[in-house]
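Colleague: The letter at position 217 of the sequence shown is residue 217 when you use full-length UniProt numbering, and the numbering goes up by one with no holes.
To be clear, the hints were calculated from the coordinates, so they are not data collected in a lab.
Do not take every clue at face value.
Stated by the list, open to error - Heads up, simulated DSSO-like pairs for lysine-lysine below, C-alpha to C-alpha not over 30 Å straight-line:
| id | residue 1 | residue 2 |
| --- | --- | --- |
| 1 | Lys-288 | Lys-251 |
| 2 | Lys-359 | Lys-245 |
| 3 | Lys-122 | Lys-293 |
| 4 | Lys-122 | Lys-332 |
Stated by the list, open to error - Here are the in silico distance ranges between beta carbons for each label pair:
| id | residue 1 | residue 2 | range |
| --- | --- | --- | --- |
| 5 | Asn-309 | Thr-262 | 34 to 42 Å |
| 6 | Lys-122 | Gly-217 | 44 to 52 Å |
| 7 | Lys-288 | Gly-217 | 31 to 39 Å |
| 8 | Gln-319 | Asn-276 | 35 to 43 Å |
| 9 | Glu-153 | Gln-118 | 22 to 30 Å |
| 10 | Ser-188 | Glu-353 | 43 to 51 Å |
| 11 | Lys-288 | Glu-353 | 27 to 35 Å |
| 12 | Ser-256 | Asn-316 | 26 to 34 Å |
| 13 | Phe-199 | Lys-246 | 21 to 29 Å |
| 14 | Tyr-271 | Lys-79 | 38 to 46 Å |
Here a beta-carbon is modelled for each residue, glycine too, at the ideal position from N, C-alpha and C.
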Amino acid sequence: MKKSILFLITLITLASCGGDNKSVDAVIGSNNMEAVKAKRTELNKQQRELKADIDKLNEYIDQNEKKERPALITAEVIKDSVFKHYVEVQGNVETDQNVVLNAEYSGVLTNVYVKEGQRVSKGQRLAKIDDGGMSSQVAQQEAQLALAKTTFERQEKLWNQKIGSEIQFLQAKTNYEAAKNATQQMRSQLGKTIVTAPFSGVVDEIISDPGQVVVPGQTPIIRLVNLSDMYVKASIPETYLKNIKKGTQVKVNLASINEEFTGTVRQVSNYINPNNRSFDIQVEIPNKDGLVKPNLIATVKVNDYSAENAITVPENILQENAEGETIAYLYKPVNDSTGIAKRIILETGLSYENHTEVKSGLKKGDTIIKEGAKTLRDGQKVTIKN
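Between the sequences and the hints, there should be enough to build the whole structure, so can you do that?
Modeller: What follows is the structure, encoded as structure tokens:
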């Protein structure tokens with residue numbers, strides 16, 4: 001239509017110019033400057049009038065052709081896939097083998113046998129507290145125990161031979177049992193003067209120095225850490241309780257060391273914290289290089305929902321109509337180059353990482369409109385880019 005109008009205007013212009021050629025030549029041949037200027041003014045006026053008419057025609061053509069011009073879009077064929085939703089919380093790296101060994105005996109710390117950073121084995125001697133003569137008392141008690149044992153064994157032999165009285169046998173037995181219990185108690189007390197490693201690990205800090213007076217339960221001596229059994233502890237809102245259990249998949253990100261791990265929940269707490277209505281989970285994480293340290297902050301993503309053969313769409317193509325319904329547009333081909341946009345109403349589920357699961361309204365093989373969907377109307381002509 002636009003080409004036909006332009007062609008018509010061109011013909012009219014050529015005809016007008018052709019009709020006026022003799023007049024222009026005649027005016028120029030007259031050598032009359034006033035007539036030449038007057039002719040030029042007349043032709044300029046005609047030119048302006050033609051340009052105004054052409055602009056009106058172009059405006060009309062643009063407005064009407066724009067309505068018929070297909071909108072450019074991009075589209076995607078729907079495929080089913082596995083959809084996973086994660087709840088994201090903050091966690092803290094911990095280990096059960098991170099302890100401060102306190103004094104269990106009152107006295108002067110006489111020796112520390114290890115250095116900071118030293119690796120030690122379970123049961124290894126770490127420090128010694130002056131026993132204040134307890135070792136001598138234990139030696140005396142052991143001598144008394146040996147005597148009580150010998151006496152009891154002799155009385156037992158005599159009693160078995162029906163020699164001697166029962167009271168002598170029972171008295172010897174009682175003395176032996178009492179001496180044995182007293183000796184065990186004193187040995188236990190003496191053992192508290194030796195600080196040993198409860199597990200294999202690394203001496204992280206020596207807190208008390210030799211010569212310092214230590215008090216049971218109050219004076220810390222050494223911090224011992226084992227980094228081989230590390231886990232992340234996180235608090236999850238109670239609303240997710242039925243969806244998270246032992247074995248649930250988890251992603252753990254430690255931003256400070258730029259590491260990410262995939263694991264499973266190894267423990268779910270049976271206690272709901274009344275202060276924040278949450279429960280705790282533990283996720284075991286590897287520490288092959290020893291970079292994971294206690295108290296590191298972790299971002300924990302827990303897989304609380306999964307769906308096989310799910311239909312998902314980009315979240316940004318979804319719209320909401322006046323009734324609050326979720327809508328999108330399908331591409332319905334008309335010919336090889338154009339099609340129409342068909343509005344559909346969707347029932348959606350959860351969203352994660354800019355994708356939303358569609359419960360109903362879409363099926364595998366449908367072609368959904370992505371770019372350009374926000375400006376479309378139902379039934380509008382569209383064409384796919386490229």
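Colleague: Which hints from the list above does the structure break, by number from lowest to highest?
Modeller: 4, 5, 6, 9, 10
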